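> So the chains spell out like this:
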Amino acid sequence: MDRSEHVRWFAREILPHEADVRRWLARRVRGLPNCHLDEIVQEAYARLWAAGPERLVNPRAYFFVTARHVVGEMLRRLRVVSIETIADIDALNVANEDVSIERRVSGREEIERVQHMLAKLPPKCREAFELRKFAELSQKEIAARMHLSESTVEKHLVKALRLLMNEMKAADAAVAQPKVKAHEYRHRQR
Amino acid sequence: MNTVIGKDDIDGIAARWVARMDRGTLSEIEQRDLDAWLDADMRHRGAFVRAQAIWCDMNRVAALGAGEIVSARHSRWYGAMLPRVASIAACVLALVASVGVSSHYLVGRESTDRGETRRLVLDDGSALALNTQSVLQVKYDDDERRIVLRHGEATFQVAHDQQRPFVVQAGDISVRAVGTAFNIRMKPEGVEVTVTEGVVDILRTDDPSKAAIRRVRHNEEVIAHAWQPAAPETLNVEPLSDEVIGRRLAWQQGRLIFEGDRLAAAIEEVNRYSSNTVVIHDPELAQKAFVGTFQTGDARGFAHAVAAAFNMRVVEQDEILHLTQ
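For the record, the sequence lines run as chains S and H.
If you're matching positions, the first sequence starts at 3 in the working numbering and goes up one per residue.
If you're matching positions, the second sequence starts at 25 in the working numbering and goes up one per residue.
For the record, the hints were derived by calculation from the structure and aren't laboratory data.
Covered stretches of chain S, going by a simulated chain H footprint (3 or more residues, C-beta under 8 Å): (1) 39-48; (2) 112-120; (3) 159-165.
Not close to chain H: a few residues of chain S, all C-beta gaps over 12 Å, as computed: (4) Pro35; (5) Val67; (6) Gly74; (7) Arg78.
Since the structure is predicted, the reported quantities are computational estimates derived from the model, not experimental observations.
Using N, Cα and C, we set each Cβ at its ideal position, and we do this for glycine too.
Based on the provided sequences and hints, a complete structural model is requested.
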């Protein structure tokens with residue numbers, strides 16, 4: 003499998019599960035700040051990439067297990083984290099139902115989400131992005147069409163991609179509120 | 025670093041590299057800078073892979089709804105783009121003309137490979153399990169929650185919503201529910217509907233009046249097809265015990281349970297899930313009743329159990345497991 007195939011595989015098999023993994027982490031590990039969540043996801047991605055697609059029979063389950071390893075190591079490294087959180091992580095088993103139930107938005111909803119995201123971009127930036135992704139023009143062709151330098155087109159695209167990358171986190175944060183109250187949580191740990 | 029890339033957070037730098045690579049092949053210096061950055065921290069590589077995947081995934085999203093997104097509000101460059109758009113449109117038309125495929129067949133599509141089962145939760149809280157080698161499409165709108173089962177088998181656990189009926193379209197036959205649970209399997213002889221909870225209506229997909237041909241209740245099963253005579257009472261509704269239903273839906277736990285099934289039928293069932301195919305050559309043995317529980321996909325285990333039970337041998341050749349005397 004060459005590099006671009008590997009990326010496509012990643013987009014298809016790993017990316018759709020990121021929201022669920024983030025939700026799961028936010029729900030199960032108390033007091034996990036967002037920046038740590040980002041770090042965990044980044045590190046998990048690096049490991050999943052290194053593992054390669056051939057070895058991953060069930061990418062979704064492997065993603066959960068990898069994230070669990072990363073968060074465990076991280077919490078042990080960070081001395082500031084309370085003992086309680088560490089106790090949590092030991093109890094943090096990847097339950098079957100977390101892994102087996104996928105949440106998928108319908109195609110229509112996905113399109114609406116992208117449209118909503120694009121609406122937030124400045125007009126030029128949006129135009130460049132749409133020409134690149136929907137009309138499949140090259141950056142060079144876009145530069146000629148929009149009378150811009152190629153490096154400006156590139157900057158517009160960076161901005162759009164940045165926004166996409168952030169939107170993905172924001173969408174998760176909205177549902178990442180822990181559903182379990184503290185006392186129930188303690189009860190569960192026993 | 026003499027490239028513009030740098031001075032940003034990890035995601036920002038990753039996004040810049042992805043956009044730079046999208047512009048063209050990296051120069052030697054750029055490649056060296058990128059490699060150095062990637063090697064500096066595990067998280068750099070993770071962020072980079074993520075950025076690449078998101079960038080690449082936009083192609084899929086564009087394929088889902090490019091038409092809607094592009095044509096809606098872009099008269100400004102739509103004109104300039106016309107030749108290109110026209111050629112794309114021509115391709116799409118050609119496809120539609122030849123095989124009847126258009127992007128609208130791809131929206132919300134979910135599928136499984138042989139031996140794979142998947143559970144999904146939809147936007148409204150309804151859940152579905154998709155069995156081996158199945159394809160379906162989720163088409164929700166404000167008036168109706170429509171699922172088009174194109175191939176295979178799926179079980180639905182429908183969230184209650186009086187305003188938006190839940191309709192599964194399986195070829196000529198549609199099944200309508202409000203809040204209930206049922207399984208649908210598309211078989212050569214018709215559409216098999218098994219209701220495990222509540223009530224569903226069976227209707228003809230092309231009937232504009234949307235009138236029910238037959239109502240099927242909890243623990244009942246029916247095989248329906250559109251060439252059924254107009255008289256709905258000829259539809260044979262069969263009552264099933266909880267035990268039989270549990271066996272029928274054991275695939276959701278990755279198991280196949282046979283309880284006095286004919287060997288031929290059991291083999292057909294096992295072969296749905298496995299890349300190895302079991303073949304039995306003796307027609308008399310194929311009619312024997314068979315009991316056993318197996319993992320879906322474990323055709324070999326099944327073949328050997330059958331061989332042991334009926335005093336046969338398993339001869340394996342080119343992914344085919346022959347059961348012979």
